[in-house]
Amino acid sequence: MARFGMALDTTKCVGCMDCVVACKTENQVPEGFNRDWIAYQTDGLYPTLHMEIRSERCNHCDQPPCVECCPTGASHVEDFGKIVLVTENECIGCKACVASCPYEARFINPKGYADKCTFCNHRVEQGLDPACVSVCPTHCMTFGDLDDPQSAVSRQLAARRHHALKPDAGTEPRIFYLT
Amino acid sequence: MDALSRRRFLKISTATLGLATAGGAAGPLARRLAARAAGSAAPQGIRRIPTYCSICFWKCGAVATVKDGRLWKIEGNPDDPLSRGRLCPRGTGGVGAHFDTDRLTAPLIRRTTRGQDEWTAVTWDEAFAYIAERMQTIKAKYGPESVALFSHGIGGTFLKHTLQAFGTPNLTAPSGAQCRGPRDTGFNLTFGEDAGSPERTDIRNATCLVLIGSHLGENMHNTQVQEFADAVAAGASIIVVDPRFSIAAGKAKYYLPIKPGTDIALLLAWMHVLVTEELYDTAYVEKHGFGFDAFKAEIAPYTPEWAYPETGIEPEVIRATAREMARNKPSTLVHPGRHSAWYGDDAQRSRAVALLNALLGSWGRRGGLYAPVALDIPAYPYPPYPKPARGVADDPDDKYPFKLESISTGIREATISGRPYPIKSWFVYGTNLMESLPNQAETIEAIQHLDLMVVVDVVPSEITGWADVVLPESVYLERHDELNLNWFREPYVGIRQPVVEAPADQKPNWWIARELALKLGLGAYYPWKTIEEYLAYRVTKAGLSFDELTQKGILRGAPQPIYFDQGVPEEFPTPSGKIEFYSLQLRDKGHDPVPKYTRPEDPPPGAFRLLFGRAPVHTFSRTQTNPILDDMMHENEVWVNAGVAARYGLASGTYVRLKNQDGVVSNRVKVKATERIRPDCVYMVHGFGHTARRLTRTYLAGASDSRLITRVKVDPLMGGTGMNVNFVTLELEA
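Those protein sequence lines, which keep their order, are chains X and F. According to the working numbering, the first sequence is numbered sequentially starting from 1. According to the working numbering, the second sequence is numbered sequentially starting from 1.
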């Protein structure tokens, strides 16, 4: 059993959205919705600026409020890599999970169920990286087992300064941004 | 000036190829593809077909996946040296080009007045008969030279062939005079060769990279962006010069917020520092330079203190960045840029960039500008073209002695004036001229002088609306095309081949060009019947296996020397045979032998200079109807400095219209109030504000910079149209 997570190198990321496009084609995400997105954070006054660019998505939290609040058990943590998933035919589209997520990572698919990043579990189970990681032209993302200290992602987190989003929310997110 | 004179083709032998494929071809992809070709059934109805991308002109090797007969996704081909197995967002989103519901579906003949956009759908045969009859009439009355072709990208290859067989020399492209033409001229005047496409930039090995207006990361030239990220990760010093805090600026050690139009002043001051502090590569310059002493005397007055009030860049910063470049020489790369038609003195600015590279000794060196190589695949043996009785019509008065290709806007001018002779027909392939040429009114005026206008396109773009005949092309995923023989770090060949069928009556460019030629009685120029026969002939003639190419998508040659210290001949095909610090050719034609700075005009009070650039998810004005890319970016915004926006009471998201100095008003566009731009200019991503109604998805989304570019400054060296010379005011949308 693994505990999958990601490290994203904000110094390499150019915000090109290839991750967003790849997710869309790989997972046939419906028009008008995306499971990942780019956030820009600019600080300072022209011309003395600092900019951080982040590819964001579901944080596959260790303490996922979306799973806790789900009335049907559709939102769950799977066994293979502790990926947070939604069982489509068990979801009643009540939006409790959408409201509970501090990262606004979920949306209601036009087909009626809660939708979000799956870490491309269908690929990961075959030993492949998630689509977003595999296409990134800057190679800024690393995916792997956070419980394995020898995994590329663990080694990066050990070696580099990093932060997660909204740590105060107490959800224990598993996406980390290298700075 | 022969740009190809010292580029080296790799003569193929089985030995070089055997070596080359040992690495890449044994990979899992190649094995899977080979298995597919061998007829073994792929699991779950999955087919993976290698091809190369056409969402832009970079030509990245790709592999498309078809699931149960439906196109699913496109990924980079790991064997491709250009994409290294990863496409850019546009390439990944290329799937949407196939599914775009706005696509042209059948040949159309205009029913009413030009521009009215009323059509009759016809058969291909009817369309060709209509075109051929009018072409023969034009030929009889005005001569074959009266037909001109505007094209963009490799897809224009066969139409060029047909029209040259017909007898015209008038083949042109906005990618010259409106884009990289000034840069190519500036580099050619200095080194005797241009910067190439893909550019010969050794970004991944550069320890210092200087970007002047080049916004890598937004401008998504795949290989360059990949290498840029590599260079950033490796700790290279990045120096970014841009009026806008670009994505690249966010990665920079030094960001120089230059006043628009003053780049030459900065370049002269940098060179002044390198020369006066003797920080330049003295041995290299002594060995390879021509006219260095005269150059040195010319740049003597241009101190950083002189440049400061012009550029707004403090003298200490100019000195510090010059020294940073010198510390890293010769692995300091001053990027030549690509779109360089900015202010009308662009060939000279590009020459200054070339000279700065020369001082740093970067040409021919690791981390600088390498010497590109290509596979030598023989051309198909066609009969010789008829020799046109008259030359290209783009420059009747020989005003532009240093142009390297024909001037698109010159052909437009000739169409209006009838000088040096009438141009009576335009063929337009793969370029939306309403957006790719400046001054739309002039384009429309020129079109009124035509007896025949034919547009080949995949979507009903603005320019199709002005045509007499519109021919619907299949998208790149549905067709073969010419071989990709890019000049690059290593020699290789790529093939484009169909992945899925065209959804309607769209046809590939080669078929269109061939059928037209047959109708014109030019069948002798098309001895081959199918494109596969043509491609197989060339590939086999080169000693390669066509089957292997179709299975792998890419065949790589053995690595070749690309730096001087690897054995590349240290030659410069200029008149002096050296790097021309002082140019006698320029002096003899009455131009500055060393670049000089001219102060740009300031915007009138209350107005802003209009700048434009790229977004990573769109190519020119060609991809806005792609449903996937539209979902990434539906409309552009006008970037306004946050302080200025506050003064005008403009919040981000407010719609405004831009009005230029000639009273032309844009479509409405959202304000992006941001710290990331100077207060004296505004910025837009090019390609939006479509006015063609049949582009239903993107119709009137955002604003068109091209519409506001009614004024240009023409480059006196090569006829390029500097387009960053328009000023706009912001008008609140009622």
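The hints are simulated quantities; they were obtained by calculation from the structure and are not laboratory data. Quick caveat: nothing in here was measured; it's all calculated off a predicted structure. We put the beta carbon where it would ideally sit given N, CA and C, even for glycine. There's no promise every hint is true.
[Said to hold, decoys possible] Taking CB as the label site, the calculated pair distances span: (1) F:D602 - X:I108: 44 to 54 Å; (2) X:Q63 - F:H634: 33 to 43 Å; (3) X:A164 - F:Y655: 35 to 45 Å.
Against the structure, the hints:
no. : hint                        : result
1   : F:D602 - X:I108: 44 to 54 Å : 52 Å, holds
2   : X:Q63 - F:H634: 33 to 43 Å  : 36 Å, holds
3   : X:A164 - F:Y655: 35 to 45 Å : 37 Å, holds
Comparing the model with each numbered hint stated earlier shows that all of them hold.
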